[in-house]
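Colleague: Each chain is listed here by its residues.
2 protein chains.
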Amino acid sequence: MNLSKLATPALVIDADILGSNLATMAKSLPGSRCRPHVKAHKTTSLARRQYEHGHTGFTCATPREVVGMALAGLGDDLLLANETVDVGRLRAMADCEARVTVAVDSDETVDAAAANGIREVLIDVNVGLPRCGCLPEEAGALADLARARGLDVRGVAGYEGHVYQYADRSERTRATEQAMSLLLAAHRDVGGDVISAGATGTYDINTWATEIQAGSYALMDTAFASLVPEFKQALWLEATVISTSSRHAVADCGLKALGMDHGNPSMDAGEVWLVSDEHVTFRPHSTLRVGDHVRVWPAHIDPTVACHERIHVARGEEITDVWDVDLRGW
Amino acid sequence: MNLSKLATPALVIDADILGSNLATMAKSLPGSRCRPHVKAHKTTSLARRQYEHGHTGFTCATPREVVGMALAGLGDDLLLANETVDVGRLRAMADCEARVTVAVDSDETVDAAAANGIREVLIDVNVGLPRCGCLPEEAGALADLARARGLDVRGVAGYEGHVYQYADRSERTRATEQAMSLLLAAHRDVGGDVISAGATGTYDINTWATEIQAGSYALMDTAFASLVPEFKQALWLEATVISTSSRHAVADCGLKALGMDHGNPSMDAGEVWLVSDEHVTFRPHSTLRVGDHVRVWPAHIDPTVACHERIHVARGEEITDVWDVDLRGW
Chain D
24 MNLSKLATPA LVIDADILGS NLATMAKSLP GSRCRPHVKA HKTTSLARRQ
74 YEHGHTGFTC ATPREVVGMA LAGLGDDLLL ANETVDVGRL RAMADCEARV
124 TVAVDSDETV DAAAANGIRE VLIDVNVGLP RCGCLPEEAG ALADLARARG
174 LDVRGVAGYE GHVYQYADRS ERTRATEQAM SLLLAAHRDV GGDVISAGAT
224 GTYDINTWAT EIQAGSYALM DTAFASLVPE FKQALWLEAT VISTSSRHAV
274 ADCGLKALGM DHGNPSMDAG EVWLVSDEHV TFRPHSTLRV GDHVRVWPAH
324 IDPTVACHER IHVARGEEIT DVWDVDLRGW
Chain R
24 MNLSKLATPA LVIDADILGS NLATMAKSLP GSRCRPHVKA HKTTSLARRQ
74 YEHGHTGFTC ATPREVVGMA LAGLGDDLLL ANETVDVGRL RAMADCEARV
124 TVAVDSDETV DAAAANGIRE VLIDVNVGLP RCGCLPEEAG ALADLARARG
174 LDVRGVAGYE GHVYQYADRS ERTRATEQAM SLLLAAHRDV GGDVISAGAT
224 GTYDINTWAT EIQAGSYALM DTAFASLVPE FKQALWLEAT VISTSSRHAV
274 ADCGLKALGM DHGNPSMDAG EVWLVSDEHV TFRPHSTLRV GDHVRVWPAH
324 IDPTVACHER IHVARGEEIT DVWDVDLRGW
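Chains D and R, in that order, are what the protein sequence lines are.
The first sequence finishes on residue 353 if you use this note's numbering, and the numbering steps up by one all the way, no holes.
The second sequence finishes on residue 353 if you use this note's numbering, and the numbering steps up by one all the way, no holes.
Be careful, since some hints might not be right.
Since the list gives no way to pick out one identical chain from another, each pair is judged satisfied if it fits inside one copy or across any two copies.
To be verified - Straight-line C-alpha distance at most 20 Å; calculated EDC-like pairs for lysine to aspartate or glutamate:
#1 K28 with D134
#2 K28 with E131
#3 K28 with D315
#4 K28 with E161
#5 K50 with D227
Don't read these hints as lab results, they were simulated from the structure.
The shape of chain D in the complex, shown without the other chains (with noise of 0.2 Å):
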């Protein structure tokens, strides 16, 4: 089909550009240098793209990811990125026919693992975003915890999400090296083969790592595009044109088709205006015409998955495959 036939608004992968990606990464963190985080996606479809790229570990950010990755075939080596105290899903994963590693930052999530069937965790170290992870001083202490509650400490986890602050690519350096030394402080205490940090914005930077928690570089999007430019923007939404004015043109493309939280979106067809639930509005660059298809390109790509059911695959014009978006929800 072509996609000038597509129901919108619908996600669509432009194949070549993500072959492209896929391979850039492949080449600069080959195998489990890069363990690809599919909450950037959260399409098994494409995960199993990055697998056969060479990268056999994944990162989740919830439960049902890593349910879904491992359901999928895709289970050698999970890592949930992230804290749960939910004994139901924390059971649901250690029942898993796969490999699962969890982030733990406190006595109680080390607790709830032991008490559920996890086997494996990852000591989460703050090294300077506000959010989960221990103090780096305290890392060894949870690791002898999480021992003695007989559980494998397979090493560290922190994400240096703060760096992003700094445009320069040096300021950025300095500010990545300042955390990860943290992070290598913890990991002297902690012991374990795995020091897992790191995102697309710092792959190039982080080379403390062992491993580096990539998620955007696959679609990018016009967040990330400035820091990393060797990786292409390859998912945009398709959308229709629907409405026209003397000033203005309207596309059935709005804010519950969007992440919005890094802003409006993107055209090349003109200046987005006005985004609201169910349209854009923009002021075209010339004229179209009622049913006309865009191309919206999202400011964050994350969240925009997350809002579909599926993606559409196309090769130029023609839709050759459609993914399941099939780890949505919690």
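Add chain R to chain D, keeping to what the hints say.
Modeller: For chain R alone, coordinates are given in the frame of chain D:
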């Protein structure tokens, strides 16, 4: 089940507050004076409560909402207050066991409706918000075209969404009157019984329309709360504290569970600091422990509900019902 046992993040409605909101609207705009907008909740179980309060006609923003309402037996009088030229979706709506009226604002949308089995339309008029709608002076000719195509023209529709820019009620009233003078002028040229307009924010201001498309009043959100304080917030996100530190706490409710276009949510338990994909970081007002539940109040209801598969209905701390959010997607 008690709320404290709920797997999180999870949407919860306070049944008593919802009941009060529905009763307040039914008293103020009884029967067909209110045409509830289902885009605000995308839940036929909630629409059925609105129906039981006497509002038997509904407003929809997407064809899927129209079709879903018809399937739920709530198809007495469904208005798609939006434009579409999608052949498959127009036919699906035309084939519904329901009375379906669609908005048109151009020759193309009139032709598409007529060619695909739609029988009734409203002429959508731009009354000030830069979105869909023909110019008021074009409405008569468009009605003539629609009638020439065999369509029954029921009247006009227009949405005065731009009046929210005025915080002062008297300014909002003046702007609404100005917008409705445009819609009434168009109606003189179009004819028909219906002048459909409005929203929760103008429900008691807009005395010119024959029916008000109010959506937010049922569940409310922090964005609308100051405009219409007689309606109370009935919906929140139940979340679990998963990490604590000396300076902040983290709950498992992030921007993938929230509409973020109106900014951050608010919390009773503390001051929201940072919202990321699966986390809200906040400064707690008092000591919290891992595993404690907290309530997160969305800034914008409509896209928040659209992130979820179900809503839990509670009386006090007891969950008494679970409703599917069955009108999601397009």
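Colleague: Next step is simple, just say for each hint if it's right about the structure.
Modeller: Hints and how they fare:
1. Taking identical chains as interchangeable, the C-alpha atoms of K28 and D134 lie at most 20 Å apart only when they sit on different chains, with a minimum of 18 Å there against 53 Å within one chain.
2. Within a single copy, K28 and E131 get their C-alpha atoms only as close as 52 Å, which misses the 20 Å cut-off; across copies the closest is 17 Å, which meets it.
3. In this homomeric assembly, K28 and D315 come within 20 Å of each other (Cα to Cα) only inside a single copy, at 11 Å, whereas the closest approach across copies is 49 Å.
4. For a Cα distance limit of 20 Å, the shortest separation of K28 from E161 qualifies neither inside one copy, at 57 Å, nor across copies, at 30 Å.
5. Taking the shortest alpha-carbon separations for K50 and D227, only the intra-copy value of 11 Å comes in at or below 20 Å, while the best inter-copy value is 63 Å.
The structure shown violates just one earlier hint, number 4.
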